[in-house]
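Visitor: With the hints as constraints, model all of the structure from the sequences given.
Number of protein chains: 2
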Amino acid sequence: MGRRTQRYSKQREAVFNAVKSTDSHPSAEDVYESVRREIPNISLGTVYRNLSRLADSGKISTLELPDEVTRYDGNTSDHLHGICQECGRVVDVELSVHQNLHDYLSGISNFHVSRYSLTLHGLCRDCLN
Amino acid sequence: MGRRTQRYSKQREAVFNAVKSTDSHPSAEDVYESVRREIPNISLGTVYRNLSRLADSGKISTLELPDEVTRYDGNTSDHLHGICQECGRVVDVELSVHQNLHDYLSGISNFHVSRYSLTLHGLCRDCLN
DNA sequence: CTATTTGCAAACGCTTTGCCTGATT
DNA sequence: AATCAGGCAAAGCGTTTGCAAATAG
Chain A
38 MGRRTQRYSK
48 QREAVFNAVK
58 STDSHPSAED
68 VYESVRREIP
78 NISLGTVYRN
88 LSRLADSGKI
98 STLELPDEVT
108 RYDGNTSDHL
118 HGICQECGRV
128 VDVELSVHQN
138 LHDYLSGISN
148 FHVSRYSLTL
158 HGLCRDCLN
Chain B
38 MGRRTQRYSK
48 QREAVFNAVK
58 STDSHPSAED
68 VYESVRREIP
78 NISLGTVYRN
88 LSRLADSGKI
98 STLELPDEVT
108 RYDGNTSDHL
118 HGICQECGRV
128 VDVELSVHQN
138 LHDYLSGISN
148 FHVSRYSLTL
158 HGLCRDCLN
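Note that the protein sequences, when read in sequence, are chains A and B.
Take any residue in the first sequence, note its place counting from 1, add 37, and you have its number in this note's numbering.
Take any residue in the second sequence, note its place counting from 1, add 37, and you have its number in this note's numbering.
Everything labelled a hint here was simulated from the structure, so no lab data went into it.
Not one of these hints is a red herring.
The list treats identical chains as interchangeable, and a pair is accepted whether it falls inside one copy or across any two copies.
Straight-line alpha carbon distances no greater than 25 angstroms define the calculated SDA-like cross-link-like pairs of lysine to any residue that follow:
{"#": "1", "residue 1": "Lys-57", "residue 2": "Arg-90"}
{"#": "2", "residue 1": "Lys-57", "residue 2": "Asn-147"}
{"#": "3", "residue 1": "Lys-96", "residue 2": "Arg-44"}
{"#": "4", "residue 1": "Lys-57", "residue 2": "Thr-42"}
{"#": "5", "residue 1": "Lys-96", "residue 2": "Tyr-85"}
{"#": "6", "residue 1": "Lys-57", "residue 2": "Asp-104"}
{"#": "7", "residue 1": "Lys-57", "residue 2": "Pro-103"}
Guide: Take a look at the structure:
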């Protein structure tokens, strides 16, 4: 066990920047496409490896979306996501709701909730018009 | 388009029964193992095909669990699921909470919620002891 | 100099599909 | 007899991994 030391690599930096610089919650493939413009011969395997390491070390986070390709988020704060049924985008959701939900869920009698995963489906602001 | 007519087959009946007769939320592989005791030469492809058809026609339902193999549920009523961090089981969760949640979620300002997918993580009753 | 990281390609796990034979209506 | 469903095996898709060469410290 124990994490081994991490060395700098321009590939990891580029992967990190690609995730950090957008709020589109890119998939590994999306990140690959984006980073390739800067480092044309980067391999998809390297992108996957770096996404995992960055997520392990808490610098980015992984999105738990049902029936979806894994997506990554540069915003590591605790928040919710909505998937727009119209345009397919994954958007950040304002979370006053989120804050009370944990208490709300402790009302459950046959299961002890330590965390939950909530994904909303509906219409984003753009598609609501 | 348009659904084609469905014919009876003993394989589909067995797949249906396997899902209906348990509350363990079996995966396709689980169903395969189970049905094989009755129909030893059934193929895994047939199990998948029938699970899809049964779900399409609403006779069983598909579980949207993040980062999990797809599981199936013979209980088609709207309810929540908890994944036990100790034993890995997926259990049905009593849902008084669930009923109010939709209203609760309409408070969100930047996303119009039409449905949501909520999975709980924690401890089931057995593992809480 | 040594350990880590890369690129590449092969392997993986789960699920779907094509093709031809067999079963249902 | 006309379709639909099954068995089998191959393919598909997203992701992981083994390996030898390159690179950071």
